[in-house]
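Enquirer: These protein sequences, in sequence, are chains A and B. For what it's worth, this note's numbering labels the leading residue of the first sequence as 1, then goes sequentially. For what it's worth, this note's numbering labels the leading residue of the second sequence as 1001, then goes sequentially.
Treat the hints with care, since some could be wrong.
Stated by the list, open to error - Once the Cα atoms are required to be at most 25 Å apart in a straight line, the calculated DSS-like pairs of lysine-lysine come out as:
id	chain 1	residue 1	chain 2	residue 2
1	A	K87	B	K1094
2	B	K1087	A	K87
3	B	K1045	B	K1094
4	B	K1087	A	K42
5	A	K94	A	K42
6	B	K1087	B	K1045
7	A	K94	B	K1094
8	A	K87	A	K45
9	B	K1045	A	K87
10	A	K87	B	K1042
11	A	K45	B	K1087
12	B	K1042	B	K1094
13	A	K94	B	K1087
14	A	K45	A	K94
15	A	K42	A	K87
16	B	K1087	B	K1042
What the hints contain is simulated information worked out from the structure, not anything from laboratory work. Keep in mind it's a predicted model, so treat the numbers as computed, not measured.
There are 2 protein chains.
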Amino acid sequence: MAQTENCGPDLIPDAQAELLRLRDSIDNIDAALIYMLAERFKCTKQVGALKATHQMPPSDPRREAVQIERLRTLARGAHLDPDFAEKFLAFVIKEVIHHHETLQRPGAK
Amino acid sequence: MAQTENCGPDLIPDAQAELLRLRDSIDNIDAALIYMLAERFKCTKQVGALKATHQMPPSDPRREAVQIERLRTLARGAHLDPDFAEKFLAFVIKEVIHHHETLQRPGAK
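Next up, chain A with everything else stripped away, as it sits in the complex (with noise of 0.2 Å):
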């Protein structure tokens, strides 16, 4: 039987490169949410500065519940999961206000 070099021993030539093409748009993906991440947490971080100044609580339901309902939203126009869009934001905030909690902490700046 020939051999297929590079490829998995059930995989054909064709579906591999699908595969490689695949992946490749994955990744890129991948970096741009990176760096939207980045983005969203320098915002996130002169948030949390602004609320340390003010001694404003470090979460605030009424604005999250706000956001969830607009992204369940987005994510339904966008064919995406609203509850994967909800959970997504849920971890997200839970490291938002884990940064909070930690510049509001005594002897934090």
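Based on these hints, arrange chain B on the given structure of chain A.
Expert: Structure of chain B alone, referenced to chain A:
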């Protein structure tokens, strides 16, 4: 002391305006993230279909190790916590594998 309608009790109008400005940027970034995630899942759904057709395992630990290192490096360059970038990738991949497993269940197409 002058009252500041629409502001928290300890939040001066300038700080309130700054908070709104930052939240507006966060909302824009979140929309971009949702659209990029939707695009990413379009790619991974195609990967899932390819894997199901060729009976490949839903997860690929070697590929994931490369992705993790790459995203950690990108995160460092963007001043994003590399640990957060890794957790983010794990969060997304968990959802992707769940999709792939669903596709490979008998009766799934």
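Enquirer: Mind listing which of the numbered hints don't hold for this structure, in increasing order?
Expert: none
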